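Colleague: Each chain, written out:
Number of protein chains: 2
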Amino acid sequence: MVLDAAVAAFIEHGYDATSMGLLSSRLGLSKAAIYHHFPAKVELLRAALDEALGGLEGVLREEGATRGSAEQRLAFVMSGAVHVLVERLPYVTLLLRVRGNSEVERDALSRRREFDRAVTALVVEARNEGSVRSDIDPSVVTRLIFGMINSIVEWYRPEGPESADQLASDVLAVALEGLSAS
Amino acid sequence: MVLDAAVAAFIEHGYDATSMGLLSSRLGLSKAAIYHHFPAKVELLRAALDEALGGLEGVLREEGATRGSAEQRLAFVMSGAVHVLVERLPYVTLLLRVRGNSEVERDALSRRREFDRAVTALVVEARNEGSVRSDIDPSVVTRLIFGMINSIVEWYRPEGPESADQLASDVLAVALEGLSAS
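From first to last, the protein sequence lines are chains E and Z.
For the first sequence, the working numbering assigns the number 1 to the initial residue and increments by one for each residue that follows.
For the second sequence, the working numbering assigns the number 1 to the initial residue and increments by one for each residue that follows.
In case anyone wonders, no lab produced these hints; they're calculated from the structure.
Here the structure is a predicted model, which is why all the values come from computation and not from measurement.
Do not rely on the hints blindly, as some may be mistaken.
Which chain E residues face chain Z? A few, computed with CB under 10 Å, are given here [what the hints assert, rightly or not]:
| hint | residue |
| --- | --- |
| 1 | Gly14 |
| 2 | Val140 |
| 3 | Ile149 |
| 4 | Ala173 |
| 5 | Ala175 |
Computed beta-carbon distance windows for the label pairs [to be verified]:
| hint | chain 1 | residue 1 | chain 2 | residue 2 | range |
| --- | --- | --- | --- | --- | --- |
| 6 | Z | Glu63 | E | Gly54 | 46 to 56 Å |
| 7 | E | Gly54 | Z | Val42 | 35 to 45 Å |
| 8 | Z | Gly54 | E | Arg157 | 27 to 37 Å |
| 9 | Z | Asp135 | E | Ser30 | 47 to 57 Å |
| 10 | Z | Glu43 | E | Gly68 | 51 to 61 Å |
| 11 | E | Lys31 | Z | Gly21 | 29 to 39 Å |
| 12 | E | Ala8 | Z | Ser169 | 32 to 42 Å |
Cβ atoms here follow ideal geometry from the backbone N, Cα and C, with glycine treated the same way.
Chain E extracted, bound-state conformation (with noise of 0.2 Å):
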């Protein structure tokens, strides 16, 4: 798929590196035959982010993520957000590497930041509701989540022997329980 062989090439060589001519040969297709699905290469950029984007704000509209208890909410965003990166590595490998050079970076970035939003203001529900600890600030705790979450991308192989559920579920079993045995 176009938009998968541009993904790999933004992440081996960078955005700025990748130049059309590369993806045509990398990909086997004529310039004009990828110019028609995407009319300039910013828009692969653009489609690529969505894919990412869009996973993460799917998990917020679905049931678990709100129904329920601040608590149960909260860790169903967070399992649904590994299984994001887990089947969209790639994508949100992506995401993570922009720094907002271009209006499209930029709008990336915002709706990442609007995520956060989302995900903080759980963490104030579920403090309010007494379910979360209180003694640290709700953006630094949403920060350290999703530093621990996002950095999955750094190693995760997905013919290594841990599986997505796996992943979600040792990641859940730190982040509300910790790492102490008591």
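Based on these hints, arrange chain Z on the given structure of chain E.
Modeller: Quick look at chain Z alone, frame taken from chain E:
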């Protein structure tokens, strides 16, 4: 300082895109003056990565990392790593971007892996003494915890409200006890 300025330029423009000419104009120093201390650009990279790695390795040699229960030593190492990260923020930022594109980068990655192995060994010891949960693979535990710690470079600002001590205490609280209030 030459090294600080080089690290800032490497982070801003990327290592490859930072020429000695760019550095000399940023520093207001002649190239000859820079070469006097660092005979090649890669020596600046080596020295910068050594600042970050030396800091982390130093934590492992401190008394808190070598005496006491495995759980106490693990907590000491996590807290020490947060302090190194905050105190040497640009250096650790650079270290975390290294992908192994040269001999110097591969040496740095190998020292990072050695550090990770030492932490994983501590996690195993803490499991064996019964203080750390045994239902998660120790190398996954190390990756998740250091994913959380390393992600701090993405958002931490020295001028922000959070001190290094506060942040280290937040990380320990989340990592060891988790978010749950219970």
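Colleague: Hint by hint, note whether the structure agrees.
Modeller: Hint by hint, here is what the structure shows:
no.: 1; hint: Gly14; in the structure: holds, 8 Å
no.: 2; hint: Val140; in the structure: holds, 6 Å
no.: 3; hint: Ile149; in the structure: holds, 8 Å
no.: 4; hint: Ala173; in the structure: holds, 6 Å
no.: 5; hint: Ala175; in the structure: holds, 6 Å
no.: 6; hint: Glu63(Z) / Gly54(E): 46 to 56 Å; in the structure: holds, 50 Å
no.: 7; hint: Gly54(E) / Val42(Z): 35 to 45 Å; in the structure: holds, 41 Å
no.: 8; hint: Gly54(Z) / Arg157(E): 27 to 37 Å; in the structure: holds, 30 Å
no.: 9; hint: Asp135(Z) / Ser30(E): 47 to 57 Å; in the structure: holds, 53 Å
no.: 10; hint: Glu43(Z) / Gly68(E): 51 to 61 Å; in the structure: holds, 57 Å
no.: 11; hint: Lys31(E) / Gly21(Z): 29 to 39 Å; in the structure: holds, 35 Å
no.: 12; hint: Ala8(E) / Ser169(Z): 32 to 42 Å; in the structure: holds, 41 Å
In the structure shown, no violation is registered for any of the earlier numbered hints.
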